[in-house]
Amino acid sequence: MAVEIHAIPGARFMDPTVLARIGNLELVARAVVDGFINGLHKAPYFGASVDFAEHRGYVPGDDIRRMDWRLWARTDRYYIKEYEAESNMNFSVLLDVSKSMDYGSRGITKLDFARILAACLTNLVHHQRDRVGFVAFDHEVVEHVPPSAKHMETVLHVLERITPGRPGSLKEPLHRLAEHFGRRGVLVVISDFYEEPQSVVDALSPLRFRGNDLVVFHVLDPSELDFGFSDAQPFEDLESGEQMPVVPEAFREEYRSLVRAHIDALTQAFSAVRVDYAMLDTSKPLDFALFRYLNSRAKTMKIR
Amino acid sequence: MSFLAPLFFAALAGLAIPVLLHLTQREKKQIVRFPSLMFVRRIPYQSVRRRKIQNWLLLMVRMAALALIILAFTRPLLNSTGVPAGVANAREVVVLLDTSYSMGFGDRWARAQAAAREQIAGLTASDRGSVVLFGSGAEIQLRSTSERSRLQASVDAAAPGPSATRFAPALKVAGSILAESTLPKREVVIVSDFQRGGWRGEEGAKLPKGATLAAVPIQGPADKPNLTVTGVTFTRSFFSDQQRLVVTAGITNRTEQPAKGGTATLEVGGLTIATKPVAVEGGSSTSVVFDAFTVNGRNMRASVRLSDDALAFDNTFNFTVSPIEPVHITVLDRGSAASALYLTRVLSIGESPKFEAVFRQEDALSDEDLRRSAVVVLNDIDVGPPLARRLARYVEQGGGMFVATGSRARWPQDVDTLPATIGPPVDRTRGDAARVGALEYGHPVFEPFRAPRSGDFSAIPVYGYRNLTAVMGAQVLARFDAGTPAVLERRVGRGRVLLWGSTLDVSWSDLPTKPVFLPFIHQAVRHLAGYTEPEPWLTVGQVFNTSTVAARGTAAQRVVLTPSGRRLPLDDEGTDVLELTEQGFYEVRGDANQSDAIVAANVDPAEADLTPMDPREITAAATEGEGGTDSAQSGVPLTPEARERNQRLWWYFLVAGILLLGADTLLSNRMAKA
Chain A
1 MAVEIHAIPG ARFMDPTVLA RIGNLELVAR AVVDGFINGL HKAPYFGASV
51 DFAEHRGYVP GDDIRRMDWR LWARTDRYYI KEYEAESNMN FSVLLDVSKS
101 MDYGSRGITK LDFARILAAC LTNLVHHQRD RVGFVAFDHE VVEHVPPSAK
151 HMETVLHVLE RITPGRPGSL KEPLHRLAEH FGRRGVLVVI SDFYEEPQSV
201 VDALSPLRFR GNDLVVFHVL DPSELDFGFS DAQPFEDLES GEQMPVVPEA
251 FREEYRSLVR AHIDALTQAF SAVRVDYAML DTSKPLDFAL FRYLNSRAKT
301 MKIR
Chain B
1 MSFLAPLFFA ALAGLAIPVL LHLTQREKKQ IVRFPSLMFV RRIPYQSVRR
51 RKIQNWLLLM VRMAALALII LAFTRPLLNS TGVPAGVANA REVVVLLDTS
101 YSMGFGDRWA RAQAAAREQI AGLTASDRGS VVLFGSGAEI QLRSTSERSR
151 LQASVDAAAP GPSATRFAPA LKVAGSILAE STLPKREVVI VSDFQRGGWR
201 GEEGAKLPKG ATLAAVPIQG PADKPNLTVT GVTFTRSFFS DQQRLVVTAG
251 ITNRTEQPAK GGTATLEVGG LTIATKPVAV EGGSSTSVVF DAFTVNGRNM
301 RASVRLSDDA LAFDNTFNFT VSPIEPVHIT VLDRGSAASA LYLTRVLSIG
351 ESPKFEAVFR QEDALSDEDL RRSAVVVLND IDVGPPLARR LARYVEQGGG
401 MFVATGSRAR WPQDVDTLPA TIGPPVDRTR GDAARVGALE YGHPVFEPFR
451 APRSGDFSAI PVYGYRNLTA VMGAQVLARF DAGTPAVLER RVGRGRVLLW
501 GSTLDVSWSD LPTKPVFLPF IHQAVRHLAG YTEPEPWLTV GQVFNTSTVA
551 ARGTAAQRVV LTPSGRRLPL DDEGTDVLEL TEQGFYEVRG DANQSDAIVA
601 ANVDPAEADL TPMDPREITA AATEGEGGTD SAQSGVPLTP EARERNQRLW
651 WYFLVAGILL LGADTLLSNR MAKA
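Taken in order, these protein sequences are the chains called A and B.
Note that this note's numbering numbers the first sequence so that position 156 is 156, with each residue one more than the last.
Note that this note's numbering numbers the second sequence so that position 474 is 474, with each residue one more than the last.
It should be emphasised that the hints constitute simulated quantities derived from the structure, not laboratory data.
Hints may contain errors.
Claimed, not checked - Pair by pair, the computed Cβ-Cβ distance ranges are:
no., chain 1, residue 1, chain 2, residue 2, range
1, A, P245, B, V655, 36 to 44 Å
2, A, R256, B, L15, 48 to 56 Å
3, B, L15, A, A250, 22 to 30 Å
4, B, A663, A, Q268, 53 to 61 Å
5, B, V32, A, T154, 35 to 43 Å
6, A, P245, B, Q647, 47 to 55 Å
7, A, P245, B, M60, 19 to 27 Å
8, A, P245, B, A663, 26 to 34 Å
9, A, R256, B, L78, 17 to 25 Å
10, B, M60, A, R256, 28 to 36 Å
C-beta atoms are modelled at their ideal positions from N, C-alpha and C, and glycine is treated no differently.
Produce the entire structure from the sequences given, and follow the hints as far as they go.
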């Protein structure tokens, strides 16, 4: 079933800066997700459900209760009926809360943007009766809310109170988390990915090992993209505290090309491992991210 | 263009300051916190590239302001003279022509005129010249003109006068002319015989900076003898009520040549009294004694004339001769010989002036006595009111009165003439006698005692005196040791009154027996009589105070006749002081054209000394060694105005620099607000 993407009334004009001022994540998420209907999202997996998917040949060990006796009567062969596995999916947001996320040049920080995004996605998924979970990490796991159909409030609460403060690293916490996500589901990773593309992919790949579907949001501030500073000033790395004098006019072009190259490399690396990757500019409205997510889900459905 | 202080260019290094400030200022801003420097770190870091000027306009304004101010400090100097080429060499020439009488020696005057004319002929059309004639003073004949013919004429018209040489006034006048000139070259030319006596050191005579001084010495060997009458002395004798006078003339030969065959003639009142031969060796002096003659009138004109020689001015010596006028004194006395003894003796002594004293008792004083007397002495008498009033009138009309107060002295209260009220006697016979002290040495009466060991009043014991109380307007000239006034003076009308607190005999003090008594009484009488020593002659250049001449008419009617016959009126607004500029006799005439006084004026005999000096001495002193002598300065000496004009650039640079700084302030404020 094809997923039709319609503009959410009003959501296109929901500037993240405005949303950030609302403060109540639940309200924000509801406002953004309002208008989405149940069933937009289908689980990519087969399981016990009412929606028939296909027949497949019986193999020893299959539950004989799922045998299609009518078809046996007509063809004298044993077929098993497969149904769409709806809901009951595990959905977790893995949010990078390292210090570098606490940056914003246009009234909203990357973390706030990510918070709203996570809340929206969680809310969206919760509407579909899926189980929602949440993980916050920097160089280790900071918060962990296991996926559950009842954890929507908890996730929003944790999202609200997390504060960035420490340097981050992907490999260590994500490898550890990969072991916990035993049941297949959807994992959304939101980070600014200030690491080499290959090490980012290496850090994220284990999450897919158990069949999890991985969506990666690369959140960047416009200043990080265009480096629109004018005066020569010393710059300080938010995470390491390192300082260095910078003349933006001289650096700008080179910086932009480096960032572009980084994003391109990530896009390429993730597509190679079939991970859905999207770069989000915090100055752009949130619906862009949501459409991107749903779009990717639709594609997944088609591919299958 | 050149610079007076090029070392200030070193300060241009300071221009780096705004550049550095512009480069470094921005980096001191707030630190930018950035998520990650991962990519920034990969960009090659070049320290030079990261420094970039942000505000070129501000930087330029600041650097320009600094540069302009530094330029101003280097004092840029325009080398151009600032005057048109034709005027660049224009000269202001002041010709100082010596007209002292020594210039009449031999042919010096003719040579001096020729030299002056030559200087004037050397003036070009753009030059200007002045002619100043000088002797003891300086007189501008023609001031700063380019008309050479007039300059020449003024030189032609000049002639040596009777004055002596003095260079300093002439240089001051020349300096004032040059100071007002705007021409670039300024010169002073002195045409003189440069006598040693004319220069007494610097005397503050300085020419303006840049002026040159050229000396044209008119000298030559004094190969002809020159005799000078340096002065005369008188010897008076009295013969049967007539005064006879012997004149002795001092004659000097200042040249090296012996003077022989000359004569000296004494003339009195236009009549030749005697002629004597004169022979003086070179560089020596002699005196000539003329025969005695009778002085039979006041202010007789007399002259000693030498026969002609190389210098004519100093051959005549003028003087006046008058019989000595005695000072008439009336002494009012009670008639006892003892009380007047010392006074009689004291007043009988004296030749210049001679005192003629008459002694009267108080009731025997006649109006004729008062009319004849210059001074009345009251020697311890009781003065009744009528006599007091007569005496008061006498004093007011110009008479002098000396009052000695002993035990009898009394003066009516209602006649306000004495300088003090006469109080009761003070007896100092017991204990220490009183002494006289606190003398007013500045007063003419005590002036002779001013010098040490010239008479000691404090050594005189006074055993009794009257307690005097000074009245308003009286001056206390001496006090007793108790502080009581001892001698007082008061001017009353045109006359004077002197009051002595004790007696003029030995009854109350030892004063009459002491050496100071005679000079004290003589000085007091001279002072009260207004006596001054007659001066038989004055020197040209000195001043004569006409107010000292006894007037016989109103000031408006009095005139002075000069030796050349000019009449100088002495009106109320005219000065009393007359400068003697001519050699000969000046005559002060009063009412009815009668002669009041005659003053003889002679040339300064020192001027006859022709010993020359080195003109460079004057040049060095007057030009501060800058100008050189007659060699013109290389290049064009600029006037102070032209100099200032050429250096004025610094001012413009400074103003421009300050304006730029102001603009910088406005600019940076505006940019900061933006």
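Status of each hint after checking the structure:
no.	hint	in the structure
1	A:P245 <-> B:V655: 36 to 44 Å	41 Å, holds
2	A:R256 <-> B:L15: 48 to 56 Å	37 Å, violated
3	B:L15 <-> A:A250: 22 to 30 Å	25 Å, holds
4	B:A663 <-> A:Q268: 53 to 61 Å	57 Å, holds
5	B:V32 <-> A:T154: 35 to 43 Å	37 Å, holds
6	A:P245 <-> B:Q647: 47 to 55 Å	49 Å, holds
7	A:P245 <-> B:M60: 19 to 27 Å	25 Å, holds
8	A:P245 <-> B:A663: 26 to 34 Å	31 Å, holds
9	A:R256 <-> B:L78: 17 to 25 Å	58 Å, violated
10	B:M60 <-> A:R256: 28 to 36 Å	32 Å, holds
Hints 2 and 9 from the list above are not met by this structure, while the remaining hints are.
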